[in-house]
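Chains as they are written, first to last, in the numbering used here: chain A, 1 to 246; chain B, 1 to 260.
Calculated from the structure, these hints are not laboratory results.
Treat the hints with caution; some may be incorrect.
[Said to hold, decoys possible] Subject to a maximum C-alpha distance of 25 Å in a straight line, what follows is the list of computed BS3-like cross-link-like pairs (lysine-lysine):
(1) B:Lys222 - A:Lys17
(2) A:Lys196 - A:Lys182
(3) A:Lys121 - B:Lys40
(4) A:Lys80 - B:Lys30
(5) B:Lys139 - A:Lys76
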Amino acid sequence: MKNENNIVPILKIQNLKKSFGDNHVLNGFSMNLYEAENLVLMGKSGSGKSVMIKCLVGLMQPDSGSIEIMGKDITKLTQKEMNNIRTEIGFLFQGSALYDSMTVRENLEFPLRKFPEYVSKSEALVIEALESVGLKSAIDLMPEELSGGMKRRVALARAIILRPKIIIYDEPTTGLDPITAKEIIQLMKGIQLKFKTSSLIITHDVDCARVISDRMILLIDGINYIEGTFKELLNSKDKKVQEFFK
Amino acid sequence: MDILLKIVENTKIFLTEIGELSLFAKRFFKEVFTRPFEFKELLIQGYKMGNKSLLLVGVTGFILGLVFTLQSRPTLMEFGAESWMPSMVSISIVRELGPVIIALICAGKISSGIGAELGSMRVTEQIDAMEVSGTNPFKYLVVTRILAATLILPLLIIFGDAIALFGSAIVENLKGDVSFQLYFNKVFNALKFSDLIPATLKSFFFGFAIGLVGCFKGYNCKKGTVGVGEASNTAVVYASMLLFIIDFIAVFISDIFFEI
Numbered sequence: 001m002k003n004e005n006n007i008v009p010i011l012k013i014q015n016l017k018k019s020f021g022d023n024h025v026l027n028g029f030s031m032n033l034y035e036a037e038n039l040v041l042m043g044k045s046g047s048g049k050s051v052m053i054k055c056l057v058g059l060m061q062p063d064s065g066s067i068e069i070m071g072k073d074i075t076k077l078t079q080k081e082m083n084n085i086r087t088e089i090g091f092l093f094q095g096s097a098l099y100d101s102m103t104v105r106e107n108l109e110f111p112l113r114k115f116p117e118y119v120s121k122s123e124a125l126v127i128e129a130l131e132s133v134g135l136k137s138a139i140d141l142m143p144e145e146l147s148g149g150m151k152r153r154v155a156l157a158r159a160i161i162l163r164p165k166i167i168i169y170d171e172p173t174t175g176l177d178p179i180t181a182k183e184i185i186q187l188m189k190g191i192q193l194k195f196k197t198s199s200l201i202i203t204h205d206v207d208c209a210r211v212i213s214d215r216m217i218l219l220i221d222g223i224n225y226i227e228g229t230f231k232e233l234l235n236s237k238d239k240k241v242q243e244f245f246k
Numbered sequence: 001m002d003i004l005l006k007i008v009e010n011t012k013i014f015l016t017e018i019g020e021l022s023l024f025a026k027r028f029f030k031e032v033f034t035r036p037f038e039f040k041e042l043l044i045q046g047y048k049m050g051n052k053s054l055l056l057v058g059v060t061g062f063i064l065g066l067v068f069t070l071q072s073r074p075t076l077m078e079f080g081a082e083s084w085m086p087s088m089v090s091i092s093i094v095r096e097l098g099p100v101i102i103a104l105i106c107a108g109k110i111s112s113g114i115g116a117e118l119g120s121m122r123v124t125e126q127i128d129a130m131e132v133s134g135t136n137p138f139k140y141l142v143v144t145r146i147l148a149a150t151l152i153l154p155l156l157i158i159f160g161d162a163i164a165l166f167g168s169a170i171v172e173n174l175k176g177d178v179s180f181q182l183y184f185n186k187v188f189n190a191l192k193f194s195d196l197i198p199a200t201l202k203s204f205f206f207g208f209a210i211g212l213v214g215c216f217k218g219y220n221c222k223k224g225t226v227g228v229g230e231a232s233n234t235a236v237v238y239a240s241m242l243l244f245i246i247d248f249i250a251v252f253i254s255d256i257f258f259e260i
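Looking at chain A on its own, in the form it has when it is part of the complex:
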């Protein structure tokens, strides 16, 4: 576990609230993510994990609370400022979300198109990102020609192509067979070591949490119910916590 005392968090969420009508999904959720840390966020389906990460990347506006990314409160940013912040965040979607109509190369080039300084060296960046996930040979394939695991790897390559400081993983191992899931977890670890990124990993997969987490948070009833290392949470006497490890 990282030392939290003297380090400024790269991502700081405070008292985040979000409701849909009478359904209060987030009830004052708070958390910190530190540099080069792997933080796992676990919670039941419908507990607000997806809503939280959507607020985090500006796909949804919270009702109240603050989200600071590298010292900037993104709830108060303009669209242009938000787009700049987004370059510091890589996002691995649950279903990979590769663009169907584009090849793997075009999928990876897409985030670069807004940056003239990257466009000129896009070929090298694409190849490097694909090499990082071991899929250089798939560069000219269409997403429909890839298996589930390969899609996840390409999506991971796309997430890291702008060298983000934070990577958000939304259920990175869901829908994969155990062997491919292990490969993806190892890849995530490798990328974190190579690029020194901070990772926020949303998962139901206890094995994934055990292998990758420096620290864990359980999101229950819309709040940060408990946080600690995997071991600390595993040995917790709290019934709600124990349910996750059964």
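The hints should help you fit chain B onto chain A, whose structure is shown.
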């Protein structure tokens, strides 16, 4: 009482949809004039829409001209007015039949295609991925498609009209011994700018409606894969309805300015 409640509820839903569609159109007009302009995507979409609809529009136009001439011939012969055939066919096709029928065909092809494509992109989070990567998906996906449809439809309609007249000329040539040269001479003598201009102008609006409805339905698609089918289906229904409304308004305005 239940029926009344249902009618009220459906009316509410309908009016809400119209309101949302208007806001969507407003957003289009706001974003279409602001940078960055996605020219490359606009060209790709224009090429896709035009190229993929060409055969369908050609076949539809050809059969339209052929059937219309075949069906009208006996009646005109009864009055000894076969010589009016090229004029009647050309004015009918250029002013009304060509634009409306080809626009309806394109509503089925283009609007449902856009609805399904954007709908599936929405439910598979591709639109979210685009936004997270710092690209404005509305500008990249919606503005380009609506613009492409607006610009391509007039071209498709002109192409369809030409093929329809060609189909009609074949019938006249085979059944009435009218040479192609004579047929098209009569066609060009009969057609005036006041026939072409309103028809071409309204075809821009047809294209806009087709693109707008397809994008609106696809971009706001919900309910997973079922929603994609629904988006594609309702896009055709709404676009077709809108085409007739636009046609009615266009004919009304043309009547004022061009004295049909």
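The hints, checked one at a time:
1. B:Lys222 - A:Lys17: 24 Å, holds
2. A:Lys196 - A:Lys182: Holds. Lysine 196 of chain A to lysine 182 of chain A sits at ~20 Å (cutoff 25 Å).
3. A:Lys121 - B:Lys40: 20 Å, holds
4. A:Lys80 - B:Lys30: 16 Å, holds
5. B:Lys139 - A:Lys76: Judged against 25 Å, a Cα distance of about 23 Å means the pair holds.
Checked against the numbered hints given earlier, the structure satisfies every one of them.
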